[in-house]
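What follows is the residue order along each chain.
Number of protein chains: 2
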Amino acid sequence: MITAVVPPLTPIVILARPQMGENIGAAARAMMNCGLVDLRLVNPRDGWPNPAALPMAAGGKEIIEKTTVFQSLAEAAHDVSFMVAASARRRDLPIKSADPRAAANMLWEYDGITPKAPAISAKVVKGGLRTAMLFGPEASGLDNDEVVLADVLVTVPLNPTYPSLNLAQAVLLMAWEWRMAMHLATQPAKSEVEVLSSQMIMPVEQLASIEEREFFFHRLENGLDEGGFFTVSDMATAVKRNLRAFFTRAMPSSQEISTLHGVIQALMRCRK
Amino acid sequence: MITAVVPPLTPIVILARPQMGENIGAAARAMMNCGLVDLRLVNPRDGWPNPAALPMAAGGKEIIEKTTVFQSLAEAAHDVSFMVAASARRRDLPIKSADPRAAANMLWEYDGITPKAPAISAKVVKGGLRTAMLFGPEASGLDNDEVVLADVLVTVPLNPTYPSLNLAQAVLLMAWEWRMAMHLATQPAKSEVEVLSSQMIMPVEQLASIEEREFFFHRLENGLDEGGFFTVSDMATAVKRNLRAFFTRAMPSSQEISTLHGVIQALMRCRK
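Protein sequence lines correspond, in order, to chains A and B. Each residue of the first sequence is one higher than the one before, starting from 1 at the first, in this note's numbering. Each residue of the second sequence is one higher than the one before, starting from 1 at the first, in this note's numbering.
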């Protein structure tokens with residue numbers, strides 16, 4: 001029985017004919033945020049290395065230093081078994097399409113190492129293939145000859161009046177969806193009670209506005225100040241903050257806020 | 001019975017003490033991509049308007065032109081009933097936390113207008129409150145006094161060695177999750193067959209019928225038999241089955257089947 005824990009292979013990011021070094025750097029940062037490591041460029045407009053990339057890469061510096069450059073998309077993707085191509089527009093091509101979430105789940109199907117039914121067996125049953133996400137140049141996007149090299153066209157259900165994502169934003173969106181696919185696939189399943197209690201949604205019509213809450217907090221804090229609640233003034237800030245967190249966490253309704261005002265009023269009356 | 005179609009309220013984006021105009025502009029672009037419209041700034045470092053914002057806003061120009069500025073977070077959020085605060089780090093605060101997907105679903109619970117059980121009734125049963133997403137300054141993130149004004153702290157399961165997102169990337173991530181929450185909530189539930197067929201760009205009515213495919217397979221197999229393709233007859237059944245699986249997996253259209261007939265015909269002509 002195979003019991004070794006093998007880390008998943010992370011998707012390669014391929015930028016076809018990228019134009020601006022800043023975007024390449026920002027894409028590397030987004031990759032680093034999501035745990036991706038392998039960046040490949042096909043014919044970058046301004047050559048490589050590009051001094052504009054590093055400042056925008058921030059913590060993704062090492063990704064930029066290890067970035068490789070290729071003369072053609074086919075060369076850049078030579079070791080890839082499953083590739084998704086991001087596009088702002090639909091194509092008249094007989095190719096499968098998917099939204100980013102579905103595409104990320106497919107990527108994870110191929111590159112992830114998921115021990116199936118871990119309670120019964122740690123047998124590694126799938127995954128371990130190289131996958132890639134492909135993005136086109138800023139101005140024009142991918143051309144159709146590039147798209148048909150991919151297995152799946154990713155179409156993003158964005159605002160139809162302005163669906164054009166910045167290149168690094170597109171990379172983040174896909175890298176993030178892959179990371180969430182991994183996160184959800186590798187986390188232990190939660191019971192329904194756990195899911196419910198982690199959300200705790202109140203009936204919406206009753207929620208107090210932030211203005212109502214603020215007014216209450218000020219009233220409460222004034223009352224406490226007047227009453228000499230904060231004997232050690234150093235602690236006052238932290239104590240007030242924790243009180244606010246407490247009341248906010250309870251998600252008070254307008255009615256409850258009004259009741260709490262009554263409580264303060266009543267208590268202050270007693271004091272006099 | 002209420003049957004009016006009310007558009008959902010979209011979350012307000014509040015940037016607390018943002019530093020760089022470029023990031024404010026890029027955040028507006030990301031908002032526009034996801035259909036959000038209301039951007040509010042609390043004490044932007046370099047004042048407002050900021051000439052660095054507009055070039056990065058691209059199609060989000062109008063959002064920048066309508067951006068409003070406030071002196072305090074409480075003022076910026078005065079009309080908000082449910083607010084989530086994005087943070088790269090966990091806090092030692094007694095506040096609920098959620099990942100971006102769960103947080104986006106909560107936002108949608110409050111701001112979205114979802115006709116429940118549309119098959120039975122178009123009654124609008126929930127939603128319609130103002131919600132907000134709160135983001136801190138680039139260098140330091142939100143301080144704890146800002147976080148406790150929010151209902152939920154959003155912690156993002158990013159690469160623990162470098163979880164720090166660029167400000168505009170953080171805005172995109174949350175805005176995108178909200179958009180997907182809306183997208184998934186407002187789409188009619190699909191059958192499994194529809195989900196499968198929606199992953200093909202090809203209109204499903206063009207898919208070749210099983211009869212057309214069968215006819216093609218027979219023709220192909222006969223051609224192979226005639227050409228002595230199956231030298232070991234034991235293997236013929238399995239090889240034929242695998243060929244069928246290959247062609248079926250491609251989900252050929254009627255037109256493509258007809259083209260394939262032409263291919264077989266042409267190849268057989270050559271053989272003679």
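Just so you know, the hints here were simulated from the structure itself, not pulled from any lab data. Warning: the hint list may mix true and false statements.
Which copy? The list can't say, so a pair holds if one copy fits it or any two copies do.
[To be verified] No more than 16 angstroms apart at the CA atoms, straight line, and that leaves these computed lysine to aspartate or glutamate pairs for EDC-like:
#1 61 <-> 22
#2 66 <-> 212
#3 240 <-> 221
#4 240 <-> 143
#5 61 <-> 38
#6 240 <-> 99
#7 240 <-> 62
#8 61 <-> 211
#9 240 <-> 226
#10 240 <-> 145
#11 240 <-> 92
#12 96 <-> 151
#13 66 <-> 38
#14 61 <-> 138
#15 240 <-> 225
#16 240 <-> 109
#17 61 <-> 256
List of violated hint numbers, smallest to largest: As far as the earlier hints go, 2, 6, 7, 8, 14, 16, 17 are violated by this structure, in ascending order.
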